[in-house]
Amino acid sequence: MSAKGAADPMTAPILQAEGLTMRFGGLTAVDAVSFTAMQGDITAIIGPNGAGKTTMFNCITGFYRPTEGALRLMRDGAPVELQRLAGHRIARAGVARTFQNIRLFQGMTALENLLVAQHNTLMASTGFGIGALLGAPGYRRAEKLAIAKAVRWLEATGLIDRADDPAGALPYGQQRRLEIARAMCTDPVLLCLDEPAAGLNPRESEELATLLRAIRDGGCSILLIEHDMGVVMGISDRVVVLDHGRKIADGPPAEVRADAKVIAAYLGEGDDA
Amino acid sequence: MPYVGQVWGKKGKPVAYALQQLINGISLGMIYGLIAVGYTMVYGIIGMINFAHGDIFMIGAFIALISIVMLVSGGIMEGPAAILIVLLVSMCVTALYGWTVERVAYRPLRGSFRLAPLISAIGMSIVLQNYVQVAQGARVKPIEPLLPGGVEVMRADAFVVQFSYMQMLIIAVTLAVLGIFTWLVTRTPLGRAMRACEQDRKMASLLGIDTDRTISLTFVIGAALAAVAGSMYLLRYGVIDFYIGFLAGVKAFTAAVLGGIGSLPGAVLGGLLIGLIETFWSAYFSVQYKDVAAFSILVLVLIFMPTGLLGRAEVEKV
Numbered sequence: 001m002s003a004k005g006a007a008d009p010m011t012a013p014i015l016q017a018e019g020l021t022m023r024f025g026g027l028t029a030v031d032a033v034s035f036t037a038m039q040g041d042i043t044a045i046i047g048p049n050g051a052g053k054t055t056m057f058n059c060i061t062g063f064y065r066p067t068e069g070a071l072r073l074m075r076d077g078a079p080v081e082l083q084r085l086a087g088h089r090i091a092r093a094g095v096a097r098t099f100q101n102i103r104l105f106q107g108m109t110a111l112e113n114l115l116v117a118q119h120n121t122l123m124a125s126t127g128f129g130i131g132a133l134l135g136a137p138g139y140r141r142a143e144k145l146a147i148a149k150a151v152r153w154l155e156a157t158g159l160i161d162r163a164d165d166p167a168g169a170l171p172y173g174q175q176r177r178l179e180i181a182r183a184m185c186t187d188p189v190l191l192c193l194d195e196p197a198a199g200l201n202p203r204e205s206e207e208l209a210t211l212l213r214a215i216r217d218g219g220c221s222i223l224l225i226e227h228d229m230g231v232v233m234g235i236s237d238r239v240v241v242l243d244h245g246r247k248i249a250d251g252p253p254a255e256v257r258a259d260a261k262v263i264a265a266y267l268g269e270g271d272d273a
Numbered sequence: 274m275p276y277v278g279q280v281w282g283k284k285g286k287p288v289a290y291a292l293q294q295l296i297n298g299i300s301l302g303m304i305y306g307l308i309a310v311g312y313t314m315v316y317g318i319i320g321m322i323n324f325a326h327g328d329i330f331m332i333g334a335f336i337a338l339i340s341i342v343m344l345v346s347g348g349i350m351e352g353p354a355a356i357l358i359v360l361l362v363s364m365c366v367t368a369l370y371g372w373t374v375e376r377v378a379y380r381p382l383r384g385s386f387r388l389a390p391l392i393s394a395i396g397m398s399i400v401l402q403n404y405v406q407v408a409q410g411a412r413v414k415p416i417e418p419l420l421p422g423g424v425e426v427m428r429a430d431a432f433v434v435q436f437s438y439m440q441m442l443i444i445a446v447t448l449a450v451l452g453i454f455t456w457l458v459t460r461t462p463l464g465r466a467m468r469a470c471e472q473d474r475k476m477a478s479l480l481g482i483d484t485d486r487t488i489s490l491t492f493v494i495g496a497a498l499a500a501v502a503g504s505m506y507l508l509r510y511g512v513i514d515f516y517i518g519f520l521a522g523v524k525a526f527t528a529a530v531l532g533g534i535g536s537l538p539g540a541v542l543g544g545l546l547i548g549l550i551e552t553f554w555s556a557y558f559s560v561q562y563k564d565v566a567a568f569s570i571l572v573l574v575l576i577f578m579p580t581g582l583l584g585r586a587e588v589e590k591v
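Chains as they are written, first to last, in the working numbering: chain A, 1 to 273; chain B, 274 to 591.
Hints are not guaranteed to be accurate.
What the hints assert, rightly or not - The calculated DSSO-like cross-link candidates involving lysine-lysine, where the alpha carbons are at most 30 Å apart (straight line), are:
hint, chain 1, residue 1, chain 2, residue 2
1, B, Lys563, B, Lys284
2, B, Lys563, B, Lys414
3, B, Lys563, B, Lys286
4, A, Lys144, B, Lys475
5, A, Lys149, B, Lys475
6, B, Lys563, B, Lys283
To be verified - Simulated coverage check for chain A against chain B, where a stretch passes if three residues somewhere in it have a Cβ under 8 Å from a Cβ of chain B:
hint, segment
7, 59–65
8, 79–90
9, 106–114
Since the hints were made in silico from the structure, they are not lab data.
Glycine included, C-beta positions come from ideal geometry on N, C-alpha and C.
Using the sequences plus the hints, can you model the full thing?
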């Protein structure tokens, strides 16, 4: 990623959704939503409960396969059709995510969680594990690099002291940060965060915002779902608002906040509406 | 036969008898443990009991038998070097069987209802048994002992405690194989991927791990361990037939449950316990009821300790 791209975020899209639709039987959870997330931006998806935010997220990250529509990830200028890829290929294409209910590998240490995320690089550089079995020098080098990267992210998230503790034993706020660190260890171009501030206290939320800005400035675009409006308005470059599965607004935070439809969706429609 | 211990009087006889059972029990338990690891690994990663695993063990024994016949009876080589070659051949070929079984019988059913792969596994078990019966005949196949002799550990009155070279080999090979295996699971990227798939397969896939390949490798490793067990069984007891996989498989499954299914150290511990229980029961009570004793343990464990000795309770998060 060039420095120019980071300085001028409006240059190129990173993710394009076109007519994205997800139906569960008779229920249409996401209804023909189109939006574009720009490279080097933090894009937030907001909306009242049941608006279809998490469903859309699950489509983007390969958890669900959308019923209709296209999802294009622009990696190095070449579009990748995400809706056609198997789960592990989406990760390899450069999309990483975290979950609303944290999904760390509880029984593994914090460091191991970050190493699992680098599995592909490690396997590829070691002849798919055979090198590892034979203790090949290439493998040792690759593992050293992997550990160095893991340590870098543990430091960035302030978890370096907990590296060898089982992930399940960490306090909630630290587990959230570890999940972000793990996602970053897959070298994503797009990081998707599902309610990263849920359950955090104001100080932790502020730390999270700082971390997310640092990740964005490092060149990784971010897409997030968030309920905490303080966080959303504070860090987002662009906000997409969903309601009942449809997009009702899309634009910079200040503009979206003033949008009549958004206010109606959140507060209910007035008598005169 | 060299004698390394001291001579005991008549009083030492019960001790000597018990010691002999301990040696026998441990070497038998090691074999069960090796098979049990295969059950527990597959259960851990896809939550399915691979009922064909006992027959994979039987295949391993037959591959070992065929390679022994070709190597030793063909006069190409003999002794410990031959045993090593036999082990390697058996591990490789049996691993291929394990991979094929997963690919043919289980992978197409992934995402199907829970019982489907289980039924498929029972079917696969029958297929493998009949395949060997047709290909190798139903009669019992004997081999000459490859490694005769042993060490007398203790002598009390007329009772001699023997620790045969074969038993030493079984214990040494099992410990070595389990050591390598433990290293593989705890220290290598492959092992990390396996543990990750075990804990949260969907999440592992979202991190870019090819879960199908990881599951295949689990079957391959499990089959290779079963092949070691099968070869050891053949070398120790000298006779095999197409049906040995059934009882050994059920015993190893019992061992895996006893140790706590899903737990690797548990599988080895369970195997040792089953081996010891069976041997001591045969020695002090009755040989006929040794299987009853082993399976009664299974029943008791399931009633009083459903998660086994080292198993952890499944906590369902809401």
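Lysine 563/B and lysine 286/B: Cα distance at most 30 Å?
-> holds, 23 Å
Within 8 Å of chain B (C-beta), three or more residues of the segment 106–114 of chain A = holds (count 4)
Could you grab the alpha-carbon distance between lysine 563/B and lysine 284/B and see if it respects the 30 Å cut-off?
-> Given that 30 Å is the threshold and the Cα spacing comes to 27 Å, the pair holds.
Decide if the proposed pair is consistent with the structure: lysine 563/B and lysine 414/B, CA atoms, cutoff 30 Å inclusive.
-> holds, 24 Å
Proposed proximity, lysine 283/B with lysine 563/B (alpha carbon, max 30 Å) | holds, 28 Å
Within the assertion that chain B covers the segment 59–65 of chain A, do at least three residues meet a Cβ-to-Cβ distance smaller than 8 Å?
-> holds (count 3)
Count the residues of the segment 79–90 of chain A with a beta-carbon closer than 8 Å to any beta-carbon of chain B: does the count reach three?
-> holds (count 4)
Would you check the hint for lysine 149/A and lysine 475/B, treating anything up to 30 Å between C-alpha atoms as holding?
-> The given pair, whose Cα atoms are some 24 Å apart, holds under the 30 Å limit.
Assess, step by step, whether the Cα of lysine 144/A is no farther than 30 Å from the Cα of lysine 475/B, and give holds or violated.
-> holds, 27 Å
Checked against the numbered hints given earlier, the structure satisfies every one of them.
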